[in-house]
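Protein chains in written order, with our numbering: chain A, 629 to 841; chain B, 164 to 800; chain C, 1111 to 1364.
What the hints contain is simulated information worked out from the structure, not anything from laboratory work. Hints are not guaranteed to be accurate.
Below, a list of computed lysine-lysine pairs in the DSBU-like style, where the Cα atoms sit at most 30 Å apart [unchecked claim]:
id, chain 1, residue 1, chain 2, residue 2
1, B, 467, B, 501
2, A, 724, C, 1311
3, C, 1120, B, 656
4, B, 345, B, 187
5, C, 1222, C, 1311
6, B, 646, B, 778
7, C, 1356, A, 724
8, B, 646, B, 501
9, A, 725, C, 1120
10, C, 1311, A, 810
11, A, 715, C, 1163
12, C, 1163, C, 1193
13, B, 554, C, 1193
14, B, 483, B, 345
15, C, 1311, B, 646
16, C, 1311, C, 1163
Just so you know, these numbers come straight off a predicted model, no measurement behind them.
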Amino acid sequence: MDWVKGTFGTSIGKKQLMAVTGLGFIGFLTGHLLGNLTIYLGPESFNSYAEHLHALGPLVNMAEVGLLLFATVHISTGLLLFYQNYKARPVKYVGKKWAGGRTIFSATMPYTGVLILVFLIIHLKTFHFVDHDNQTISQIASNVFSSVGYVVFYTLSMVVVAFHVKHGFWSAFQTFGANHVKYMPAIFVLSAICAVVAGIGFGFLPVVSRLVL
Amino acid sequence: MQLDSKAPGGPIETKWDRHRQDLKLVNPANKRKFDIIVVGSGLAGASAAASLAELGYNVKCFCIQDSPRRAHSIAAQGGINAAKNYPNDGDSVFRLFYDTVKGGDFRAREANVYRLAMCSNSIIDQCAAQGVPFAREYGGGLANRSFGGAQVSRTFYARGQTGQQLLLGAYSALMRQVSVGKVEMLPRREMLDLVLVNGKSRGIIVRNLITGEMERHAAHAVVLCTGGYGNAYYLSTNAMACNVTAAWRCHKRGALFANPCFTQIHPTCIPVHGTYQSKLTLMSESLRNDGRVWVPKKADDRRKPDQIPESERDYYLERKYPSFGNLVPRDVASRNAKAMCDEGKGVGSTQLAVYLDFAEAIKRDGEDVIRKKYGNLFAMYEKITAENPYKTPMMIYPAIHYAMGGLWVDYNLMSNLEGLFVLGEANFSDHGANRLGASALMQGLADGYFVIPYTMGGYLGGAGLDSVDTNHPAFAEVENECKERVNKLLSIKGSRTVDDIHRELGLCMWDNCGMARNDAGLTKALNTIPKLRDEFWQNITVPGDQGDFNQSLEKAGRVADFLEFSELLAKDALDRRESCGGHFNEAFQTEENEALRDDENCCYAAAWEFTGVGKEPVLHKEPLTFENVHLTQRSYK
Amino acid sequence: MTKKINLTLKVWRQKGAAHKGALETYSAQQISTDMSFLEMLDLVNEDLTLSGKEPIAFDHDCREGICGMCGAMVNGRAHGPEKGTTLCQLHMRHFSDGDTIMIEPWRAMAFKVVKDLVVDRSAFDKIIAAGGYVSVNTGGAPDANNIPVYAEDAELAMDAAQCIGCGACVASCPNASAMLFTSAKVSQLALLPQGKVEADKRVLSMLRCMDELGFGNCSNERECEAECPKEINITNIARMNRGFLKAALFSRHK
C-alpha cells in the first residue's frame, strides 16, 4: 500500500483530496439550496420538501455518512495542510507585502474553513439534532430565526461560506490540473457566481423565513 | 621545454578518428577505480563531469556558486554553431572549421579547430535529446539563424537564452549522475591550489566558502573548467565571481599560460554610468543590423541627440567602411568607438559612449517591425538606463567579453603538467586570436561531452599511477601555503578596500591593454601593475575571519591573482610584435586600420612559463602550421 | 534623469544558521539613481569595510538577471517591487530620497540562512536530481531532427525552462511551497517528446522529493507567478497536478 501513501500523502495528493471533497460540498450546497428555496413558497411546501426528502430513508442516511466522511477528510486534511504550511516557514518575515496574486478569499481559506466548521456544528445542533417528531421543519426554522442574534450569525456565516467557495471552486480545478487557456476564464467567473449564489441564496433564508414562515 | 601538441599528422579529416583509435582504453570494470576531479560546472565542467561519470569514473565536481546551475555559461545569449547544414545553404564541417580558423585570425591550432567543427553536430543531437527547448520551425525541425563571421545560417538557439538552456541541459545530466552516486557535487568551494605528486596532478586544495575550512581532495586526474579572466579588467561582461585563480595557481605550479593577450571586446554593451558600476551588460550584436552608429562631429558637444541636426552628425562607420558600414566585425567597431571617444566626441554623462540610432529603421520599417526583431533587447536597455530606445538613440560602448587565451593544452586537452586537463574558456586551444559569435558554447560542450571522455581514458590507461591519498605530505605542504596566504590577506589591515584596488587595476588594464594597445601604454602598465600589487599587499583591509562565510576574503584572493596575472597579459601583448584578432597594437596596422599580422615571425602560440612573482617569465613558442587553409588579410572596406 | 538620493536601510544580519538574526539600520548616502540595487549594497559594504565593520553578505553573480544567484525581500517583496525583475536588475530610480528600505533574506524551512541575506538553496538541486532530466547518456543521440517538436510546444516548454532557480517563488509563497519551481521543470519535459518517456516516474519522484525537503503545500495563492522574475505562470503547476494524477492513479509506478 506504499503507493497509496505515496499518492494521497503527497502535497498534491492532499490538495486533490481537498479538491474532490470540496467540490462534493459544492454539489451538496447546490442541492441543499435548491431544497431550501421551497421556503419562498411557504411552510407547506417547505415541510413537504422535508417529508419527501426523509421518505428516501436509507439513501438519506447514506448521504449523511458520505458527507460525514467528506467532512472528516476535508477538515483533517485541511488542518494538516495548515499545520504543514505554517511549519514550512519557521521564521516569519518582519515585513511582507503581497504581490497581487493573493486575494482576501485565498488568504482566509483556513480561517473561513474553521468558521464554517463552527457554524456547521451549531447548524446541526439547531436543525438536525433536535426533536423532529413534535415539530415541523418550518416550525424549527421559524423558532431558530426568531432570534435576531442568530439571524445575524447565520447571515455572516453565509458570507464566510461565499468567501470559501470563491477561492475553493477555481482552486479545485487548478489542483486537478484543469487550467486551460480556453476554459479557465469561465471557471473564474463560475467561481464568483457560485460564491454569490451561495451567499445570497442561503444568506437571505433567515430573513425570508421570518417573513414567510 | 619542447612543446608537443600531440596532434596527429596526416589528413585533417581523419586526425581525430585515428587519434582516438590510438588512445589507450580503460576497461569498464577498471574505470570505477579512478577518481577524477572536475573544477567548475559551466558548459565544459558540467558536461565533462556528467560524461566521465556515465563512463564509470568516480567524479568530484566543484563549483564556486551555491549550485552548479549558475556558472556564467548561463548568460550566453545568441546561440551555438553547428555544421548541420539543415538550411541547405552549403555549410559543412570544413566550412565551419575554415570560418573559425579565419575568424581567429590564423592563430589557432588547425587540428583542434577541425575536431571542434566535427563535434559540433553531435552536440546539437545530444542537447536536443536532453530536452533543450531549441527554437523550432513549424514542421518540428530545428530553426537556424545567421551570426557574425559566417555566410551560412548555422546558429541554433533558444530565444536569447541559449547559454542558459544548454547549461541547464548539462546540469540536468550532471544531477542525474549525482542521483546515482557517480558524481559528488561540492558547491561553494573555491579551488586555491593544485597538488602535484611526482610531477603529476593528483589533487587540489579548496576552501569551503561557508565554513572557511581548507579541504584536501585527491584524485588520479584534475580537469580544470574554470572559465576566463575577463575580470582582470574589473568591468567586463563576466559574472562577478569569474576569476583566474584556479588557472593562475596551476600556472604557478608549472602549467604554461598561452596567449593571455588575446582578449575579446564586445562592441554593443550598455555604457558605464558611474564609478560604482560593478559590471557591464551586453546586448546582442544583431542590433547593428538596423541601428546606425554615430557621434557629434564637434568634440564636447553636450546637446541632446535630437538637437543635433543630421549635418552635424558623424556616421563614422558608414563613412570609413562604406561596404560593411555598421556591420564591421566586433574588433573594428570597438576600436572605432574608442577612437571617437578619445577625440572627445563621446556622448552621455561620462562621454564614454556612442549612439546607436534606430530612428531611420523605425521610419523605414515601422515601430512594430523593429519591436518584433529587438523588443526584448529594447526592454532590457530601458530597464537598465530608463531611456526609451524607440524615441531616443541607444548609447553603447565596448566591453571586455571573452578570453581566448588560457592554459596551454595539447591535442588531448592536457596541459604540460601531467594529469591536468583544461577545458572550455580556461584553455587557449580553439579560437586563436579572436572568437566568432556562437562558438564559445560549442567549444565548452565539445571539450566536455566529446573530447575528454576519450583523452582521459588515454591518459589513465597508460599513466601507471600509484595510489595517493590526502595524507601524502604534498597535500599538507600545499594546504599550509594556502592557509598562510589567507592569513596574510586578513592580517594586512590597511586602509583600502579590495574593490578599490581592483578598480584601479581594471582602469590601468583598460587604458593600456584594452582595445587598441601601444608599446608606451603596455610599458606603462608593466610599471604600474607591480606597484599596485605592492600597494595591495601592504594596504588592503579584509574584514571578517578565515573560518566563516567571508566574501571579502574570497574577493581579496582573486584580486591578488589578477594582480599577478595582469602583468603577464601586458607582457604577452608587448612581446607579440604584430596585431591579430583581439590583440591590436597600433604599431602594426594596415592602411585601412586593420590588424596587420606578421605570419612570417609571429605564427605561434605564446606559452609562458612562471618563474616567480615579479620575475621574467620564460616564453615557449608552439609554432602554428596551416596545411588546410590559406592565410589571408581581412578587409571590410 | 540621474539623481543622488539618501536612504535608510534596515538589513537582516545573521551570523549563521545556528544564530539568531536581527534587523540593523544603516544609512546609504549619495546613491545615484542609475545604480542597481546590488551596486547600492556594494557601496554600503565599502563604507562598512572602511569603518572596520563586517560587510553585509549577499549572493550575486552575473548581475544581468539570468544566473539566479541574487535575491532578497525588499520592502516585503521578492526581488523588490518591479515586476519580472531580479534584484540585480532593480535600479535605484525606483526609490525616492529619504525612503527606508527593509531587506530580509528568503525565508523558508527548506532555505536555511547561511549568513545575512545568503540562504542555502541546495534543496532545489535535490529536486532536480530526483528526476529533472532525460536519462540519456552522452553519445548515441539520434540526429536532432529525428525528434520533431511542434513549434508551439517548444515555445511553451521554453516558457517553463526559463526558470533561473532563484527561489523567489518559495520566498513569496505564503506557504513556502516550491511548486512553481518543481512544476516548471516537470512541465518543460512533459511538453517535449524527449521527456514523455519518463514523465510518470519523474513527476512522482520530484514531487515526493520536494515534500521531503520541508517545503509547504501549494494553495493556489498565485503569489509565485506574481513575483517570478521570469514570469513563469501557474499553468505549469496545473500541468504538474494533471501529470501527477495520471502517474499516481494510472501508471505502474508506485
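Against the structure, the hints:
no.: 1; hint: B:467 with B:501; verdict: holds (20 Å)
no.: 2; hint: A:724 with C:1311; verdict: violated (37 Å)
no.: 3; hint: C:1120 with B:656; verdict: holds (28 Å)
no.: 4; hint: B:345 with B:187; verdict: holds (22 Å)
no.: 5; hint: C:1222 with C:1311; verdict: holds (29 Å)
no.: 6; hint: B:646 with B:778; verdict: holds (24 Å)
no.: 7; hint: C:1356 with A:724; verdict: violated (37 Å)
no.: 8; hint: B:646 with B:501; verdict: violated (43 Å)
no.: 9; hint: A:725 with C:1120; verdict: holds (16 Å)
no.: 10; hint: C:1311 with A:810; verdict: holds (29 Å)
no.: 11; hint: A:715 with C:1163; verdict: violated (35 Å)
no.: 12; hint: C:1163 with C:1193; verdict: violated (34 Å)
no.: 13; hint: B:554 with C:1193; verdict: holds (23 Å)
no.: 14; hint: B:483 with B:345; verdict: violated (57 Å)
no.: 15; hint: C:1311 with B:646; verdict: violated (47 Å)
no.: 16; hint: C:1311 with C:1163; verdict: violated (51 Å)
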